[in-house]
Amino acid sequence: MSSGGCCAEVYSCVFDYNTPRIALIKSRKVGLLNRVIQLAILAYVIGWVFVWEKGYQDFDTVVSSVTLKVKGVAATDTEDLGFRIWDVADYIIPAQEENAFFVMTNLILTPNQTQGKCAELPDSSTICISNSSCTPGYVGTHSNGVQTGLCVPYNESVKTCEVKAWCPVENDTTVPMPAFLGAAENFTVLIKNNIWYPKFNFTKRNILSNISAEYLKTCVYDPAKHPFCPIFRLGSIVEEAGESFKDMAVLGGVMGIQISWNCDLDKKHKYCVPKYSFRRLDNRELDHNVSPGYNFRSAKYYKDSNNVESRTLMKIYGIRFDILVFGTAGKFDIIPTMINIGSGVALLGVATVLCDIIVFHFFKKRYYYREKKYKHVEDYEELVSN
Amino acid sequence: MSSGGCCAEVYSCVFDYNTPRIALIKSRKVGLLNRVIQLAILAYVIGWVFVWEKGYQDFDTVVSSVTLKVKGVAATDTEDLGFRIWDVADYIIPAQEENAFFVMTNLILTPNQTQGKCAELPDSSTICISNSSCTPGYVGTHSNGVQTGLCVPYNESVKTCEVKAWCPVENDTTVPMPAFLGAAENFTVLIKNNIWYPKFNFTKRNILSNISAEYLKTCVYDPAKHPFCPIFRLGSIVEEAGESFKDMAVLGGVMGIQISWNCDLDKKHKYCVPKYSFRRLDNRELDHNVSPGYNFRSAKYYKDSNNVESRTLMKIYGIRFDILVFGTAGKFDIIPTMINIGSGVALLGVATVLCDIIVFHFFKKRYYYREKKYKHVEDYEELVSN
Amino acid sequence: MSSGGCCAEVYSCVFDYNTPRIALIKSRKVGLLNRVIQLAILAYVIGWVFVWEKGYQDFDTVVSSVTLKVKGVAATDTEDLGFRIWDVADYIIPAQEENAFFVMTNLILTPNQTQGKCAELPDSSTICISNSSCTPGYVGTHSNGVQTGLCVPYNESVKTCEVKAWCPVENDTTVPMPAFLGAAENFTVLIKNNIWYPKFNFTKRNILSNISAEYLKTCVYDPAKHPFCPIFRLGSIVEEAGESFKDMAVLGGVMGIQISWNCDLDKKHKYCVPKYSFRRLDNRELDHNVSPGYNFRSAKYYKDSNNVESRTLMKIYGIRFDILVFGTAGKFDIIPTMINIGSGVALLGVATVLCDIIVFHFFKKRYYYREKKYKHVEDYEELVSN
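Chains as they are written, first to last, in my numbering: chain A, 19 to 404; chain B, 19 to 404; chain C, 19 to 404.
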């Protein structure tokens, strides 16, 4: 390329083909080493990237909708309430939720509360001897109402500060044990879960097409015998997660029902099936158990014939079941396939780099090989100045 | 490099420049082929990676909050209930939810239930002839209560086992058809949706800044005429999804209102707008319709002047609308741009690999070219041993 | 390679080692330039990819469960209601939600509504002079009921169309100001948050193991002094987000409590701690404030001794607190480490490309260097034809 000019350069650029010059070393040792490294890289690319990680597929994450239906009846017989039946409308609160349901398992009931004045629940800050211990207008973080400033008898032995509140105040110092509605163990829940992979326009539901209405009437989920039955016994859910329902029912808790929909959409539609697993989500650290369980307060409001409002306060302990739907679906797509083949080819170049290092630095006769690979070009300026 | 020594190697390593030696083949065919392949790769990199997939942008997924307000009044006139008006507080249950709302469309009402003893609902397992068919204490999965062991008349023709339960038991064998609150079709919902892209600190809401309070009072969403009106007629939502509201109202169901916020934040703020679409989420497989629809039970509790509790049990069928907010925003960022330019340059190397395969394996005169590209280096050991 | 044959080719393919021939240019300028570019690339790979982006780690996103407990009592004293105490069961609606809770801060109460006929709330479309302005059976989008066709007095000065509705109709034209339950500012909420990284089987909760039950009884979250106390004052949450609780309480709104769990699981368990931050999610554009705030309607139902149903309608304004849990955890893994080292090595090749461009296009003596790098190979066909 002794003659220059812009045209010549462009012509050369378009019509000349540049290919690296190669030293072809006839050495069985290095040749084999090179091929072994290349094979290892190829095995990694095919085995890991393509077979294991399914690098030839495009992926999508699941969009899911869940509806639930709990069934079961429990009977209780206590001194306060007498014999009483509890059904779905009584123990599911609120009546419907998205992706979750709450089942009452224990209860502290305070019936016939009305707005008025009464003695506060005794604790270290409310027990008093005379009115001077009580501050009119004071509201503490655990108070049930606003103090009036009087000190009144709570029962025969104890006096506490009087409060304006819903009276009588709730006494939640002792939690019923065993749990009031321990029979909830035998309730069942039907979970209807529809999934959708938007990218592939693939929909399916967890009531598989080979499940008959007959089967649904009698089946109960069992990981070994009935893995696709969408009806779960609450007690079994808790036990599958390694917990005791009897213990959990007393103070409440949060359970996770995980539905996993990992599907290979290159296979047939029927091989895409749900997998259920169960976990306790509010993990108790047994040695460090600050404010355990799950409870909340709710009230039913009544009016008597004189239009005076009263309420039944309920401190409700129970188990909240969260339905967590996970899932990734893959399907063959040309773009990720190309990208992964491309980067696989690029990785093969690493074999040459590794072999070069071995041949030109660790071989006894490295200088002989170096001479063949390298061409020494002197610095032009030094060359001229010499 | 005949003289060794550590210093010389380090010196050479720092100050020498290694560049591959190139065979410059003056062949129009191969030169052109090479450039065409390179152009194809460049077109892919620019066209697909940069223009289509926006490889010069950093991405973030949406964080969203939704509030809802349903409006509408329905009137019903039945034998049991007489003329009755239903408003928002009556048919939205529960009163507020996150990202969802439920509208009652059908109803089986069982008023004046009290705790007591009564005949079970007749079905194959509860119909009896004598007391011997009934087991005291038995509770089945579909029972309304606990059997007392007696066989009592349910009506003039049928006898069933007596249960301790909320009496009289609910009779849900026939679902009202057409739906009790079919007028829900004309209810409207205002959806207020605020989105946030944390990475770009970009916030927007679906009530666009050019929408006036006047327009909001009268507009109703229409995909063609009013695509940005955030007020939706429930009937239109269901019809847009290709379903019949009249059918869906009878047994209930789950609808998805999808709001898509795919934004290119390199463009102006005003071009980032929501796109609404609608889907039925509980897809019915018509040929295999096990336990269709959506319903739940809820109760209102009352006390009479004698402090006896009664309740009105409602089996509520209806449509749950889930608001699903999707979105990805992209904005220019130097890091992904550099990475994609880098991998694009690396891909250009594939052109040389492909051309080499063609030239050195398929050309008639491949041996001529090979001689120029390859330098044969004999194995030193063999060389010496010879 | 003058002698061909398939066997020879395969033998050569397996046992020969191909390595590119290199021109070793002894030039300090270019040599240094090359090393500097390589160092810059190395610094990027190590500094950005490995140290900053933690390229040696595998990542997982958080799975979370949240339970909440609000505490606090407020007293109100109005003409209509008299002195009244509001506790958790009164102002939290619904009683339990997943990942969210709603606190009532303002209220429009319409007690003793019964099904009947009464005058509609006056507005531009309901005010009438004679029956001819009213259409029997008409229901507007803002109607409270179905028009009967009569024009009746609403009060002494105004006549409106009569409707069949829950009567008397609600009058929500004036919102109580300051907010009815402004005292909600001092309520506190205990947030219990359990997280799980499924890939690493790592669980933790926001009540850290060094927090004692004693500390929990008295502490309140403060970003500087008590950053790990899980008890939050509602007023402080709103103020941290830069809003005024007093303003927000009047019309309601939506607040986000963000818990961020970004953890480096290569470090000790105790360094994985939650970080709290607060945002208002329903951002008001002050200059364009269409339908601001957050409210909904709910009702309590009563029956009198004659079995006539009445209800207390509540238009409830309040603040919904959404708990948003974000998090990514990283842990050392061999696969991403290998991939990033690989692509880092590949990037080093860019240094050669850049240096080549400089040496062979911009150096004064580029033709001298080009001669050393390039070997010109004439087109065989042209060669023959000549």
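No lab work stands behind these hints: they were computed from the structure.
Small disclaimer: the values here were computed from a predicted structure and weren't measured.
In this text, a Cβ means the ideal position worked out from N, Cα and C, and glycines have one as well.
It cannot be assumed that every hint is accurate.
Non-contacting residues of chain B with respect to chain A, defined by C-beta distances greater than 10 Å in every case (computed) [said to hold, decoys possible]: (1) V69; (2) F120; (3) I145; (4) K235; (5) Y239; (6) R251.
Straight-line alpha carbon distances no greater than 25 Å define the calculated DSS-like cross-link-like pairs of lysine-lysine that follow [said to hold, decoys possible]: (7) K217/A / K293/B; (8) K182/C / K135/B; (9) K87/C / K44/B; (10) K44/A / K390/A; (11) K293/B / K243/B; (12) K321/A / K321/C; (13) K383/C / K217/C; (14) K318/C / K89/B; (15) K182/C / K318/B; (16) K210/B / K235/B; (17) K293/C / K393/A; (18) K349/C / K318/A; (19) K47/B / K390/B; (20) K285/B / K321/A; (21) K87/B / K318/C; (22) K333/B / K210/B; (23) K264/A / K87/C; (24) K87/C / K383/A; (25) K333/A / K87/C; (26) K135/C / K321/A; (27) K87/A / K318/B; (28) K333/A / K135/C; (29) K393/A / K44/B; (30) K390/A / K390/B; (31) K321/B / K135/B; (32) K333/B / K235/C.
Tell me the numbers of any earlier hints that the structure contravenes, in ascending order. When the structure is compared with the hints, numbers 2, 8, 9, 13, 17, 18, 20, 22, 24, 28 and 32 turn out to be violated.
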